[in-house]
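Keeping their order, the protein sequence lines are chains A and B. If you count the first sequence from 1, position 191 lands on 191 in my numbering, and the numbers rise without skipping. If you count the second sequence from 1, position 42 lands on 42 in my numbering, and the numbers rise without skipping.
Since the hints were derived computationally from the structure, they do not count as laboratory data. It is possible that some hints are incorrect.
In the SDA-like style, the derived pairs of lysine to any residue whose C-alpha atoms are separated by at most 25 Å in a straight line are [unchecked claim]:
1) B:Lys242 - A:Arg74
2) B:Lys242 - A:Phe142
3) A:Lys117 - A:Glu428
4) B:Lys242 - A:Phe396
5) B:Lys242 - B:Leu258
Given next are the chains, with one letter for each unit.
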Amino acid sequence: MLLLSLGSLVLVLGTMLPDASRMTEGQLLWLAQERPVVLWLAGVLGIQTVVRSTPFLLLIAWLMVSTAVCTGTRVMGRLRRRDAGAPLPRPFTAQHRFSAGREPEIVSREALALLEKRRYRVALERAEGYLRIAATKGSLGFWGSALFHASLVAVFAGALISGLTRFSGYILLTEGQTLFLDDASFLRTPDRPKVGGSFPPAAVSLGRLAPEYRDDRYLVGLNADVELRDGNGELVWGSAGVNRPMAYQGFQFHLERVGFAPAFLIRDTSGRDLLDAYVNLVVLREDQEDSFRVPGTGLVVRARLYPDFRPHLGFPATRSPIPRNPVLDLVVMDRGRTSYSGLAPLGQTVHFGEYTLAFSDLRYWGYFGVTRDWGLPVVTAGMFLAVLGLFVRFFFYEKSVCVEVRRDGRGSEVALHGRSRYFPAFLEEELDRMRESLTPGAFGSFRPRRIRQFGWSGFARTSDPANPRTPEQPNILRPKARRV
Amino acid sequence: MSLLEGIFLWAGIGACLLGFCAYLVGLVFRREAGIAAGWWLGMVSLALQSAAIVVRWTASGHSPVVGRYENALAGTWFIMLIFLTLGRWVPGTRVLGTVVLPVVLLMLGYGIMSGPEAEPLPPPWQSNWLAVHVVFAWLAYSSFLLVSGLGALYLVKGRAEARGGEGSLLRRLPRCAILDELALRMIMFGLASHTVMIAAGAIWAHGLWGRYWGWDPVETWSLITWLAYGITLHLRLTLGWKGPRAAWLGIAAFAAVLVTFYGLGLVASIHTQLL
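With the rest of the complex left out, here is chain B:
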């Protein structure tokens, strides 16, 4: 990691940490200003992280896709991007930062601990499909993370509404129906991105291994994730599922993403031993 990259990265982490603290202050002391400050610090963090990515990209000569650190760097960037875009579109969802910012901090911490040395791109990764595959994977996973966050918010707000005692912050959230429909839109976007990811991966795999699908654990779980969200979407659109059970479904489906991304690093897969 170069000095410049380190400066941008640690400044970004600092902004993210401060943002999280601001969110906590906002939640604990019921201060709207805390939420607003957390949101703006999130913006600052994204800008600094973008600078860190640009510096690293320039230094290594390839997009940040190799190793855990680069994946954490790129992944958290996409998560922040989608969260901030959603917050810009529906301001009531900015409180989601209480969940998103610590997730980003944890992911970055895990990445830094795994070794941030820049390495050249190994031959199996030297494919134009790699960028498509990775970008859309992160778009999909970030969307699915937000689907589960929106589901959690729905449940919290719904429960508070049922008790008839909404706090000032919960009152600032969008209506439950809007949260529900936002989750549906995020599922649609996530599923479309996930499909691009699978398609790009399949084409890449054909050039690399001579087959587009081999039922490798990573491939199979990526299909399972796709099916999980496909089923969720069908239940919502065709059978009209909405409300708490749809929210729970959105949260539960995220387990498939976690298994695909983190769980399968532990098993023997052609993806983890490309050569």
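The following block holds chain A by itself, in its conformation from the complex:
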């Protein structure tokens, strides 16, 4: 409990601080200048730092061991008690004693029918002028709880396997581009697994990338044709999309983001190519633009793409995100001075100073995640079992009822006892209803659908008077456990 509380507190604190790993360089710079203490705290106690720290991992390990030990102890104790036939002597939580002015046979039958209707497991014991019905239900609840806790251990173990074997990296591919996958081709240094190999040598190509739109406005589909050629030259191709990953030798390729990549051809007056490349534009918001430097020159190009160009109120705008009429809004700076500012439709060349710039083609780029996680099946199985355990725990909870019927003159005396560890008030109400049903004139709406047809002597078949604890009798309902 203490561990859980401590873990929760650490997580709450961690999420209250800014997450440096999700911040842009500008935001980080601002934070460093304006709120250096917050930045320092985020570095020390931020969620991404905390969850990778040794104390947190030790806490998780401790929690795992503690859960495993507690669950094991409880299960072993339960099994030992069951084998020894020695239940925990817990007191009854509710009891009633009343006179039912009817024959004990009738009262017993009705009590039995009531309990069976409520799906109790019943066992009978008879002595001279005395009958006892011991009824229990919900013993599965304990096993639900045990399964849930054991599953948590499986989830922890799966997370540990993930931590040791997980591979994760990102690649950026433009349509038609082929990339030989090694560590250098990943955008960031990939998370290498401590156990298990890294990504096998392979060449990956991006074929067609096709976003689908509805009503020229809503993105409804995003899939990319990917081709992989492994070290032996074998070709694997498939489709990697958002939510539809492509599998390759235990790795998963999934598409995360897409964008436009216009082809720029910049030449000087001598006809020398200064830049002939597709440039991946990242920013597509109307109030921002991308900029890039042309290598070997003092040129800086600021570009904003309008995929479906149509002027609106005299300003450039786009009708849709579909590239039907792509136009670049360009500003070219030459050593800090604006040398060109204007629009460049697809296929057109603009001239400025001693240079020419051609917008010759437009393609898509895709940002792919490449991951592998051997812990996933274990975690998934653990989570499924945990869910199963919790629902079993919810639907089954242990309760036991003992009905004792004694002959009392012409009628009978009935004693109702019940025990429920977690829901005693509900059981009390149940016993109240049962009492009402068994009391003359208060039979109420209850009409047992099936009353077992046997006589008073019939009870003797299920009980051995010489040995009152017969195998079918639940041993948790011993009279000595009763506290009246």
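Assemble the complex: chain A is given as a structure, and chain B must be docked to it using the hints.
For chain B alone, coordinates are given in the frame of chain A:
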């Protein structure tokens, strides 16, 4: 929003509003009939809201899970469903409608103000796990809302009992012990649903982002909520907490749900910017 959907929705809101008024009449003038009328109007409201959901589902081609309006529509439907189921099971809890109905009205109002235009399902949402994730999230959150409501009722009734002056309406409530055990059952159900929600979300996240857990603020707070109710359950079952402190615990734990659902819309999270 189509005309038919609008008719059903506004009729449902009207029934909910009338139900709330009936509850108020019942409480202020101590009329049992007010509570009963509020309960039945709640039923009518749920039926009309169900019709609105069906119309929208048919028109948009996907379950109502996109955007604030659809979330409010689906969420309030689940809250009403769980409240009415609980009221059917334990009639004494029907007075909870005094809290539940205005919450439903506020949530629906917030959703409508956020724009009820139907949009197609974007690619990140196109997963079979989405339905499981959302349905169980609402089952869990609705249960937790009722846990806090039951906790509040427990405290009010307990205080009145201690003063020895229960009003006629409070007397109609179930015993404090029953309210306490109901809250415990709702916590168990909520926690199980919350676990399904997290599990479904994790599997979905693996297909979408290549990892099942990334300590994103939404994920972390959903875990914190799970831990909060897990701790509450352990305190009740293992350490035997019950009574006022357990009721307060149930109310306090709901803060985690509020932060997870509403608070985190304000921070940068991969969940709020799926693409």
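Here's how the hints hold up against the structure:
1. B:Lys242 - A:Arg74: 23 Å, holds
2. B:Lys242 - A:Phe142: 21 Å, holds
3. A:Lys117 - A:Glu428: The given pair, whose Cα atoms are some 18 Å apart, holds under the 25 Å limit.
4. B:Lys242 - A:Phe396: 20 Å, holds
5. B:Lys242 - B:Leu258: Within the cut-off at roughly 24 Å; holds.
Checked against the numbered hints above, the structure breaks none of them.
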